[in-house]
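Undergrad: Listed below, chain by chain, are the residues.
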Amino acid sequence: MDRIDHLFKHYANRSSSHLIDPEGIEELCSNLEVPHTDVRILMLAWKMKAEKQGYFTLEEWRRALKAMRADTISKLKKALPELEKEVRRPSNFADFYVYAFRYCLTEEKQKSIDIETICQLLDIVLGSTFRAQVDYFVDYLKIQNDYKVINMDQWLGFYRFCNEISFPDMSNYNPELAWPLILDNFFEWMREKQA
Amino acid sequence: MSNQKKRNFQIEAFKHRVVVDPKYADKTWQILERAIHQIYNQDASGLSFEELYRNAYNMVLHKFGEKLYTGFIVTMTAHLKEKSKLIEAAQGGSFLEELNKKWNEHNKALEMIRDILMYMDRTYIESTKKTHVHPMGLSLWRDNVVHFTKIHTRLLNTLLDLVQKERTGEVIDRGLMRNVIKMFMDLGESVYQEDFEKPFLDASSEFYKVESQEFIESCDCGDYLKKAEKRLTEEIDRVGHYLDPKSEEKITSVVEKEMIANHMQRLVHMDNSGLVYMLLHDKYEDLGRMYNLFRRVTNGLLTVRDVMTSHLREMGKQLVTDPEKSKDPVEFVQRLLDERDKYDKVISTAFGNDKTFQNALNSSFEYFINLNARSPEFISLFVDDKLRKGIKGIVDVDVEVILDKVMMLFRYLQEKDVFEKYYKQHLAKRLLSGKTVSDDAERSLIVKLKTECGYQFTSKLEGMFTDMKTSEDTMRGFYGSHPELSEGPTLIVQVLTTGSWPTQPAVPCNLPAEVSVLCEKFRSYYLGTHTGRRLTWQTNMGTADIKAVFGKGQKHELNVSTFQMCVLMLFNNADRLSYKEIEQATEIPASDLKRCLQSLACVKGKNVIKKEPMSKDIGEEDSFYVNEKFTSKFYKVKIGTVVAQKETEPEKQETRQRVEEDRKPQIEAAIVRIMKSRKILDHNNIIAEVTKQLQPRFLANPTEIKKRIEALIERDFLERDSTDRKLYRYLA
Chain W
1 MDRIDHLFKH
11 YANRSSSHLI
21 DPEGIEELCS
31 NLEVPHTDVR
41 ILMLAWKMKA
51 EKQGYFTLEE
61 WRRALKAMRA
71 DTISKLKKAL
81 PELEKEVRRP
91 SNFADFYVYA
101 FRYCLTEEKQ
111 KSIDIETICQ
121 LLDIVLGSTF
131 RAQVDYFVDY
141 LKIQNDYKVI
151 NMDQWLGFYR
161 FCNEISFPDM
171 SNYNPELAWP
181 LILDNFFEWM
191 REKQA
Chain Z
196 MSNQKKRNFQ
206 IEAFKHRVVV
216 DPKYADKTWQ
226 ILERAIHQIY
236 NQDASGLSFE
246 ELYRNAYNMV
256 LHKFGEKLYT
266 GFIVTMTAHL
276 KEKSKLIEAA
286 QGGSFLEELN
296 KKWNEHNKAL
306 EMIRDILMYM
316 DRTYIESTKK
326 THVHPMGLSL
336 WRDNVVHFTK
346 IHTRLLNTLL
356 DLVQKERTGE
366 VIDRGLMRNV
376 IKMFMDLGES
386 VYQEDFEKPF
396 LDASSEFYKV
406 ESQEFIESCD
416 CGDYLKKAEK
426 RLTEEIDRVG
436 HYLDPKSEEK
446 ITSVVEKEMI
456 ANHMQRLVHM
466 DNSGLVYMLL
476 HDKYEDLGRM
486 YNLFRRVTNG
496 LLTVRDVMTS
506 HLREMGKQLV
516 TDPEKSKDPV
526 EFVQRLLDER
536 DKYDKVISTA
546 FGNDKTFQNA
556 LNSSFEYFIN
566 LNARSPEFIS
576 LFVDDKLRKG
586 IKGIVDVDVE
596 VILDKVMMLF
606 RYLQEKDVFE
616 KYYKQHLAKR
626 LLSGKTVSDD
636 AERSLIVKLK
646 TECGYQFTSK
656 LEGMFTDMKT
666 SEDTMRGFYG
676 SHPELSEGPT
686 LIVQVLTTGS
696 WPTQPAVPCN
706 LPAEVSVLCE
716 KFRSYYLGTH
726 TGRRLTWQTN
736 MGTADIKAVF
746 GKGQKHELNV
756 STFQMCVLML
766 FNNADRLSYK
776 EIEQATEIPA
786 SDLKRCLQSL
796 ACVKGKNVIK
806 KEPMSKDIGE
816 EDSFYVNEKF
826 TSKFYKVKIG
836 TVVAQKETEP
846 EKQETRQRVE
856 EDRKPQIEAA
866 IVRIMKSRKI
876 LDHNNIIAEV
886 TKQLQPRFLA
896 NPTEIKKRIE
906 ALIERDFLER
916 DSTDRKLYRY
926 LA
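Those protein sequence lines, which keep their order, are chains W and Z.
Numbering-wise, the first sequence is residues 1 to 195 according to this note's numbering.
Numbering-wise, the second sequence is residues 196 to 927 according to this note's numbering.
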């Protein structure tokens, strides 16, 4: 326990010694030899149940490292592949997916995330499993004008889309069902392109 | 046969049934046999009924019933065989007569014989369950005469031949026919059916098959139907005269099938004479005939109705999508009313007010009226036209009739909320310009709309009327407390409650000094008596009457809009003004000012102002001066531009946008209402229920409903079910 706390103090900032701040996280990333936009950092945050983007509290830090049985940087680094496997397990991934969205809601009462951030987030979170869907959808998001932000419902809708709809033919997609409208529009746009 | 008196009155004592000497039976039988011969030979006058009866009685009593019965059959059969030979020998026309004659004779004979053998009929035959005398007599006739091969076919053919002759117009002996055919009926229903009716129906079917083919090739629809009707009547007449009434239904079915059912499609679709032709040319008689004939066959009326419906839809579609027709909204609507009247008349005159046809008419109108998105606007303009000018020479009652007809069109509209918007605008203009011809008619229409659409539709409209009334009272109060103002220009103010009237943005405008002074006095008066309110002058909605004197002393009273007044009054202090000067002085926005100047300077007969250069449009470098040479044969000249008109494209877009905006909260309210009571509901059902709830006002777009659902999810009114994506849940 001590060593975990000690490790925490190393990264925690001088001015806010009870928090690891973005600078501290950057240092952590470089020590782990992982780019700080890498999905594994997000996974680590998930493991911590970190509430505020860019900051880790002592309690959150302890939670993750204890569970991962890591009290040094090298142990933490070695535990990352195992963490990734854990997150990618279907039972956990849905939860992680929701967490990823919430993590980006930085303001109080914020409910939606701007398009640009969403595009990056989609890439990070779903890029490795649903490459094609993410690429096409991101393309669409950038050129459409109906929505300037994405909310949780639409975020979740896209995940279901990736899991249930065959791509790129989308033959089992029905816009008359309860899919979020933005996906109906995406579907139309794809159809037009394919024609 | 004479009834001989008995010499002695004897009562036979009851004796034991003793088997008597068979010779006795023979003797007795011979007597009877001889009698039968005589009866058949028309030689019965010398016979004693009583004696013969007694003989028969005795035979039965002494147990010779069988001998008697058998004897009777054998004797009668022999006679009938003879008769049939005679009948068969008859030539040509007399064949039937001979048959009829012999039949009548047989019946008479049979009756006599039955009477004689009555005791046997009631005892021996009863107990042995054999066929009674009379029916046996008929069967024997049937078997030996009618079914005699040499007679059977010939009889039938003769009868059918006669029917054929009659059908081709010849006169036949109907009495003879009746008798012979009655013979069949008397012989038993199955005999009638097998030996006559069935072949008759088959032959008739053939006949009508051929005839209908001939007719359809050579006649037009109206004529064909006349012929079919005639044939039908004839057949019914024929049954009445010489067939079994039960045959009526069967023969009419044959005619209906061959003449109508088989040619239904071809008749209805006939070029230049079929249903469409009849409808277009108001051929009520032909249409009525078609209706009456076609209703007799399966799917007959359905065929007629379908063709009528597709014709209506096509015609209606062309009408509403023709750009030429959309140029004059009043004409457009009048045309729709005329068409509706026309088809209403067809249905009531020729189709017996058949409800299914009424429904077809309504659904067709509903279909095509909504193909033109401007229908709601046009209907409102039509109403405006009628309520504004009235209809020349027409009494109040007829105005009611016209309004009722307009309401019928209104009911067909899917976008009733669009109508409401335009109606409000047009009503506002009517009220404010004082141009409504009949207050009663206005109110009457509002009542009709309220009945149709509910209180909410009309509550704001009624607010408009209230404001007008209140304003009158306010004006009285104003002038009452400012008697000194009765000398100057007269100001009439209508104070409009913001929520009730169509919203208009306030447009800036510098009023002439005389006017603005008055306005300020009014404002302070009003705010003095109504604290906490704010008044905004709507200069874009007002009018003014100005007295003007022109170059040669011509005096006129000009009825103009407020903007026009501001412009004209400037010329009291200047002879010539440039566009820029006018703009600066009045502060009226450019587009309104240009329109205003256009109406003052560029309209023939109303150009009180002249413009340099004399181009059609108002340019910013133009200059203006009074038209001293202005003339008009009327003292009062109207130059105002406040009449309700068909909207311009940009105005139309704006109105549509406002309508769409107004719909959003209505859709959301409907969704919330439904979800609140159902708690959980799946996607398709929400769409259906919402659409149904909003249908009295407009047709809700499923995509729009989906958008609203998502908006409500975002605002935490609803959530999606975590396991079944199709379900929504109400969040209390």
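Simulated from the structure, these hints should not be mistaken for lab results.
It cannot be assumed that every hint is accurate.
[Stated by the list, open to error] Selected chain Z positions facing chain W (in silico; Cβ < 8 angstroms):
(1) Arg484
(2) Asn487
(3) Arg490
(4) Arg530
(5) Glu637
(6) Ile875
(7) Thr898
(8) Lys902
(9) Glu905
(10) Arg915
Treat the numbers as computed from the prediction; the structure is a model and nothing was measured.
Note that the Cβ used here is the ideal one computed from N, Cα and C, for glycine as well.
Undergrad: Now tell me, hint by hint, if it's right for this structure.
TA: Results of checking the hints against the structure:
no., hint, verdict
1, Arg484, "48 angstroms, violated"
2, Asn487, "46 angstroms, violated"
3, Arg490, "41 angstroms, violated"
4, Arg530, "38 angstroms, violated"
5, Glu637, "43 angstroms, violated"
6, Ile875, "13 angstroms, violated"
7, Thr898, "7 angstroms, holds"
8, Lys902, "6 angstroms, holds"
9, Glu905, "6 angstroms, holds"
10, Arg915, "7 angstroms, holds"
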